[in-house]
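Undergrad: Heads up, the final residue of the sequence shown is numbered 396 in this note's numbering, and it's a clean run with no missing numbers.
Mixed in with the good hints there might be a few duds.
Unchecked claim - Pair by pair, the computed Cβ-Cβ distance ranges are:
1) P20 x R93: 14 to 24 Å
2) R86 x Q139: 45 to 55 Å
3) L379 x P20: 46 to 56 Å
Note that these hints are calculated values from the structure, not bench results.
The beta-carbon is built from N, C-alpha and C at its ideal position, and this holds for glycine as well.
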Amino acid sequence: MVPLEVAIPTFVCSCLSFLASSVFAVFYFLYPPERHFRQALIVNLLVADWINSLNNSISGAYVLSRVSRPGPELTRGPGCYANGYIGQFSVQAIDFNILVISLSVLLTVRSPRFVIEPPWWQVACVCALPWIPPIITANVALGLDLYGPVSGNWCWIQAKYFGLRYALTHGWRVLVFVTTIAIYTYVYIYLMRAYGRLGVGSTNGTYTTSAHRLGTIDDKSGSYNEHHHIRVRSSITTTVAHNQDTPRGSKEPNLCEEESEVGSFVSHQKRPSCSAASDTVPLGFVGHSSPATANTRISSAAARRRKQEVRKMLLLNGYPILYVILWIPGMTTRIWEAFGKAPLWLQGMQATTQLVGFANALTYAYNEQLLQRIRQTSG
């Protein structure tokens, strides 16, 4: 018999995740976001959330409807097998989607050649990868006749097959859990060392960062001012100013007041001090820009674009981090059960694992400025 202290919280959390994932699906089609590689990863994850939460909500409702009746709430049969199969398939799909998201963030941050906008067939292949291991393990468990009632609101691999539980599910989840923590620890350290403070905000555009703007455009006067830092092999930084409307006698900006976008994305070499930089003779260009200036402008634009793409991919951080936090009670229960039966209070806390879909839907709504998109469309 499933204790109500376990059945009720688990059912409520499953329903919350199902409703949140369903609302996400509706608003995603009504108010589609910008087309980006990360959107495919998010949709892939939330589809797995929706399947898992629907499956657990159905079995949870069935269990609660039979609490007052004598005998077990769940028995082995076609319905139990289907519930166990879908549960194994969907929950492991969530695990591997989290792993793919973590690896995508790592590749975006670490590799400058990572394709931000890959062709559709590459996106399809990446999205298909998280579903391959669940299909294999779910069918192996079905073929070995492992599914049956368990301590929760559902059917799954029975407790007597302890080793197969770890071989088919828990072992993989521990691997995803540890790998995700390691990846985000590395990403944080790498960003702090390589880029300094990299602001991450929502996709509507306001980010806080330690670097200043490379160029400014004054819409009122129509003037165009742009300052570039060119780093040459001798490590001497030269200021190049291109100003069509500014007189020759205007004051040139100090090197220490401008931070090049390019400089924030290249290896940190020894820079001259402010006093040394101030002795550098500024080169003024009026009229057509030189090839060096044009090349620098192109490099700066590419660096700015890459920095923006890194920020966008870092919006995926919330999904793995919340996954790790919400699965802490579940992982604690698994470790406890390896040595004996888990206490009732710990079994009840496992309900947080059913909130993963709810948390992912809220993360999407916040990161992608869903309310703002709705207001803009309605207004």
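Undergrad: Next step is simple, just say for each hint if it's right about the structure.
TA: We went through each hint and held it up to the structure:
1. Distance hint check: the CB atoms of P20 and R93 are about 21 Å apart, consistent with the given range 14 to 24 Å.
2. A beta carbon spacing of about 53 Å between R86 and Q139 agrees with the range 45 to 55 Å that was offered as a hint.
3. Take L379 and P20: their Cβ atoms lie about 29 Å apart, and the range 46 to 56 Å is violated.
Checked against the numbered hints given earlier, the structure breaks only hint 3 and satisfies all the rest.
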